[in-house]
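Colleague: Here the protein sequences line up with chains Y and A, keeping their order.
Numbering of the first sequence is given in full-length UniProt numbering, commencing with residue 1 and proceeding in unit increments.
Numbering of the second sequence is given in full-length UniProt numbering, commencing with residue 1 and proceeding in unit increments.
Please keep in mind that the hints were generated in silico from the structure rather than gathered at the bench.
Hints may contain errors.
[Claimed, not checked] Negatives, chain Y to chain A, calculated, CB over 12 Å: (1) Y87; (2) V111; (3) V493.
[Stated by the list, open to error] Straight line, CA to CA, 30 Å or less: simulated DSSO-like cross-link-like pairs of lysine-lysine: (4) K554/Y <-> K570/Y; (5) K539/A <-> K565/A; (6) K346/Y <-> K427/Y; (7) K427/A <-> K399/A; (8) K565/Y <-> K539/Y; (9) K554/A <-> K539/A; (10) K119/A <-> K565/Y; (11) K119/Y <-> K399/Y; (12) K346/A <-> K399/A; (13) K119/A <-> K68/A; (14) K119/A <-> K93/A; (15) K399/A <-> K119/A; (16) K550/A <-> K570/A; (17) K565/A <-> K346/Y; (18) K132/A <-> K399/A; (19) K346/Y <-> K570/A; (20) K570/Y <-> K346/A; (21) K554/A <-> K570/A; (22) K93/Y <-> K565/A; (23) K565/Y <-> K346/A; (24) K539/Y <-> K539/A.
The beta carbon of each residue, even a glycine, is placed where N, CA and C say it ideally should be.
There are 2 protein chains.
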Amino acid sequence: MNSITKAPANITVGPLPGSRKVYVEGPMGVPVPFREVALEPSSGEPPIRLYDTSGPYTDPSFVHAIDKGLPALREPWIMARGDTESYVGRQVKPEDNGNASGDYLAPTFPVTRQPRRAKAGGNVTQMHYARKGIITPEMEFVAIRENLLRQQAREHVDRLRARDGVPHDAVIPDDITADWVRQEVACGRAIIPANINHLELEPMAIGRNFLVKINANIGNSAVTSGIAEEVEKLVWSIRWGGDTVMDLSTGRNIHNIREWILRNSPVPIGTVPVYQALEKVGGIAEDLTWDIFRDTLIEQCEQGVDYFTIHAGVRLPYIPMTVDRVTGIVSRGGSIMAKWCLAHHKENFLYTHFADICEIMKAYDVSFSLGDGLRPGAGADANDRAQFAELETLGELTKVAWDQDVQVMIEGPGHVPMHKVQANMIKQREHCGDAPFYTLGPLVTDIAPGYDHITSGIGAAMIGWFGTAMLCYVTPKEHLGLPDREDVRVGVVTYKIAAHAADLAKGHPAARLRDDALSRARFEFRWMDQFNLSLDPEKAQEFHDATLPKEAHKTAHFCSMCGPKFCSMKITQDIRNEFGGDAQKGDAQKGMSDMSEKFREQGSEIYRPSAAE
Amino acid sequence: MNSITKAPANITVGPLPGSRKVYVEGPMGVPVPFREVALEPSSGEPPIRLYDTSGPYTDPSFVHAIDKGLPALREPWIMARGDTESYVGRQVKPEDNGNASGDYLAPTFPVTRQPRRAKAGGNVTQMHYARKGIITPEMEFVAIRENLLRQQAREHVDRLRARDGVPHDAVIPDDITADWVRQEVACGRAIIPANINHLELEPMAIGRNFLVKINANIGNSAVTSGIAEEVEKLVWSIRWGGDTVMDLSTGRNIHNIREWILRNSPVPIGTVPVYQALEKVGGIAEDLTWDIFRDTLIEQCEQGVDYFTIHAGVRLPYIPMTVDRVTGIVSRGGSIMAKWCLAHHKENFLYTHFADICEIMKAYDVSFSLGDGLRPGAGADANDRAQFAELETLGELTKVAWDQDVQVMIEGPGHVPMHKVQANMIKQREHCGDAPFYTLGPLVTDIAPGYDHITSGIGAAMIGWFGTAMLCYVTPKEHLGLPDREDVRVGVVTYKIAAHAADLAKGHPAARLRDDALSRARFEFRWMDQFNLSLDPEKAQEFHDATLPKEAHKTAHFCSMCGPKFCSMKITQDIRNEFGGDAQKGDAQKGMSDMSEKFREQGSEIYRPSAAE
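Just chain Y, with the same shape it has in the complex (with noise of 0.2 Å):
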């Protein structure tokens, strides 16, 4: 394949319908980003402000070249810290790329940059600036961003009600400043995934008492692959609100690929490492040694990996819990890892050599998302020995890292019915203290292949009530199939919908902003509004001129499913207004309770003799 040529022409770029780019100073001069929906005229409601992931994307005024990347927008707070170093990094070896060359090799990125580490025994770990009490400009533009939504609602706050919601184990304050965020990352209830090398970062923190957030997976593998393809599908996931991505790419070409996407993602980018190291070895998981996967972890670290997922606690003894299970190990690199085990007899040398990976990520600011290899496959398999076995072990080893102010979040399951999901949240903070949960779903029923966004959005959306931090989302080619653009867009905005449900029954102070805002728009036949406001401002227009494509149909005052005579919030306008509307509230109130007064008076038997009407 020659990933250029298959490569799409244009990467998506522009604002979403109604929406404007808007930024709020932030710190040492750095703009935090906004999307600004302007409503009608007619609502007398100000804009509102959404938290956006897009980045620079969505900004006219920005112009993209996916060869150039995007602004290292962190490299003056980097060298203002001083105590990093650059250096000669490590060779880029033919095996990196699956040893692709002529025209199956993807092109290096044409702007190169020496990487940076700390300074010999250093720790430049965001946990460890919160610990030693430093508030870092990734703090300040976090509080910025998750604050703004708070300070707008105090604007609205004639129209909100009381904060409502139960918020389970978070504590979800009013407001939130900088050094709240710091304390959030000093106890390693939150993170902030941020490489040092990764300079185009606009930070954003995982947290129980932040916004819930998702990730998207995207990745070439051996089927397909592309530059431009890989950098669309990126930018298209947080088009629609993707908060990070993973990149899962196998087969060729990973590490040029991983560069381009780097260079060009605005939110940070988390990997698999054994996948890369597995394709040095040939695909022989029994031919992986430590010295392979230690390159291949400096190799990303170099290039600048938010976080990486290790399966470090797929540990020898809990391989044989997993022989009676409907679907044995799902996990690829918990296959991956048991496979390594058994065919060794020894234990896992990511479990055994965990320090020394702290060692290599607290000089990049890697953060550990610690994978749960032995996650149930099924709904038959959640819950068993073999996964909370393995979920002790991420404990202590939330611990070690911790130890060095290594950044961690914990990986959750899989496939669970409804009932033991809050199990698994219970478990995972009496275990792994207050470390963010970063759920794959879970599914709650095995029998939707083709609709997995779903029965795994539901999961989702319960789970991130109890408190999973991160939802990682689900397509419908799940189990089948690779997602296209298509499949990458409804799976994140099914994790949005599960999300935001998520802070809204938290009571997430800010949350019902948006809903209220396109309920009263919905109320009020404010089309446009209700499109804008909504999370696919496109599909849900597409739909509504579907049936009444008229531009007159945008103002009209009913729904087309019931067409004028039998709209209901048509018929309760009407009611308001002959019976005092909005503007006469008081008298509306009166002059019904009147007419309920005069019927108590009357007596309120169940029947009246017909005559009475």
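Once you've looked at the hints, dock chain A against the given chain Y.
Modeller: Using the frame of chain Y, we list chain A on its own:
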């Protein structure tokens, strides 16, 4: 519009992929239908029989003619009871069809049949029989239909684990008998919607202790209509698993189109009679009268409608409680009655005439679906005074209906954030005793028009688990437009997911059978079995083939997502083969335990000297 020319040529018939229709001898020789999925011989597993809502349409030996309708399955049962009489029915009037004429008048159904009703003073409801200790063929049919799955589960018992679930207030027996069904109906905890004039019906039950059911809405509107079009929507809905169908038609030809639907429907048909009544008074709510409504009830009872949504709980004194709402009254029927009440300054005539309505319904055995006319249309309005005041009244009316042995279910919301979902189920039980709950969603957020099958599927799965007996589907077009055939399919499958997830979580004894069988197929790379056992076999295979079209890949021992080297399930199987596969599980267990034993002796410190590798 000319309904005939607009109609599609064909009604969808024929079995689903990999399935065949089988029948189990039922009451009075009437066969109870199931869908049997045969598995690949390599599985060594018996075929799996699934609950089948699709009616004769999926039986290749049945030749369907839309103008003849379905066989009169229940005729001998009803005649045998000898408590009904046929009579000259009400004359069809021009206004029954919105005064459509000429080309615009949909043709009448060619086969005419005199309606039947209870002999003077009689009562022919399933509840009436149940309370007299009579087991009807309808109850027997339901018992076989719901119990066969359990018998099957027992045959698979070696593969099944112990029952597992959190049933909340459900009491789900290991086995059910016709007499148990009778008891559930007698106490009002379940209903069997079965109008004596709907002879084509394959009886089903709606109740907390039965499988969770789903309803699909169809119906023509002012904008579009067509006989074959509506019948095809019905057939399409039940093909994917719709348990009941509501005809929400408005506009012209309501009477004639409903006749074609009923004569071709093996599932209960529900309606909202006030829609047709409103058409009869030209859409002017104030002009509605008890006489017009009563006449409409008789009209629909004679045709065989199985349940009526009646908004008798929208009482005059509750209407002022909606004035402060974000979206006021969003139920069509609710807003119509509210407008009538205010216009006349009188109590809702459906409330004052409720006992009269019961008198009519018990003569045909039409079940109540007590409408929640004041349900919330936005998360902000969820669980408010208006909603719960109406719910209390529905509880009061339930007792009135039960006094006359009329079957009742209660409609519920709507738009409800996750943390307020369970309160709806609890209050419904508190006020309405054990009458089955029938909810629309609920939607857990308002910000995703275009994806409201998902926002509502999340709430539906949860409330189904908590005890809701039937879930009314929502399609992707909700709030935006009229669902097309594909929307109906997506809506139904989404709700089958929600209902099945609820059955799993409640611990239904047979629910896991299908999940486990599909998961085993997945693990053993029996692709066709995986497709055929899924809720939408065509979609599953279509998605698979999009990536790996070749026939060979249907037997490929890897997933297209990962390719052979990265397929965790393949690796797990290699492990089992190398270290003792399923065949010698004992050995495997032992072999692996020995290893982990050895490992423990070595001690399990977190770090080992790297030399250990």
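Colleague: Give a verdict on every hint.
Modeller: How the hints compare with the structure:
At the 12 Å boundary, the C-beta of Y87/Y stays outside the reach of chain A, the nearest C-beta of that chain being 23 Å off. Under the 12 Å C-beta cut-off, the non-interface status given to V111/Y relative to chain A holds; the minimum distance is some 31 Å. For V493/Y, the requirement that its beta carbon stay farther than 12 Å from each beta carbon of chain A is not met, with the minimum near 6 Å. At most 30 Å may separate the alpha-carbon atoms for a hinted pair to count; K554/Y and K570/Y meet this at roughly 15 Å.
Using a Cα cut-off of 30 Å, the hinted pair K539/A and K565/A holds, with the two alpha carbons roughly 27 Å apart. Distance restraint check for K346/Y and K427/Y: the Cα-Cα separation of roughly 28 Å lies within the 30 Å cut-off, and the hinted pair is therefore satisfied. Of the supplied pair hints, the one linking K427/A and K399/A holds, its CA atoms being roughly 16 Å apart against a limit of 30 Å. Our distance criterion of 30 Å between C-alpha atoms is met by K565/Y and K539/Y, whose separation comes to about 27 Å.
For the suggested pair K554/A and K539/A, the alpha carbons sit about 15 Å apart, so the restraint of at most 30 Å is met. Simply put, K119/A and K565/Y have alpha-carbon atoms about 39 Å apart, too far for the 30 Å limit, and the pair is violated. Restraint check: the Cα-Cα separation between K119/Y and K399/Y comes to about 24 Å, which is no more than 30 Å; the hinted pair holds. A threshold of 30 Å between alpha carbons decides the hint, and for K346/A with K399/A the separation of about 23 Å falls inside it, so the pair holds.
A threshold of 30 Å between alpha carbons decides the hint, and for K119/A with K68/A the separation of about 28 Å falls inside it, so the pair holds. Proposed proximity of K119/A and K93/A is supported: the alpha carbons are some 25 Å apart, at most 30 Å. This hinted pair checks out: K399/A and K119/A have alpha carbons roughly 24 Å apart, not beyond 30 Å. Our distance criterion of 30 Å between C-alpha atoms is met by K550/A and K570/A, whose separation comes to about 19 Å.
Taking the CA atoms of K565/A and K346/Y, the gap is about 22 Å. The hint holds against a cut of 30 Å. For the suggested pair K132/A and K399/A, the alpha carbons sit about 18 Å apart, so the restraint of at most 30 Å is met. For the hint linking K346/Y to K570/A, the alpha-carbon distance of about 21 Å falls within 30 Å, and the restraint holds. Taking the CA atoms of K570/Y and K346/A, the gap is near 21 Å; set against the 30 Å cutoff, the hint holds.
Among the hinted pairs, K554/A with K570/A is consistent with the structure: their alpha-carbon atoms are about 15 Å apart, no more than 30 Å. A hinted pair counts as satisfied when its Cα atoms are at most 30 Å apart, and K93/Y with K565/A qualifies at roughly 21 Å. Between K565/Y and K346/A the alpha-carbon distance is near 22 Å, which keeps this suggested pair within the 30 Å criterion. Straight-line distance between C-alpha atoms of K539/Y and K539/A comes to about 21 Å, which keeps the hinted pair within the 30 Å bound.
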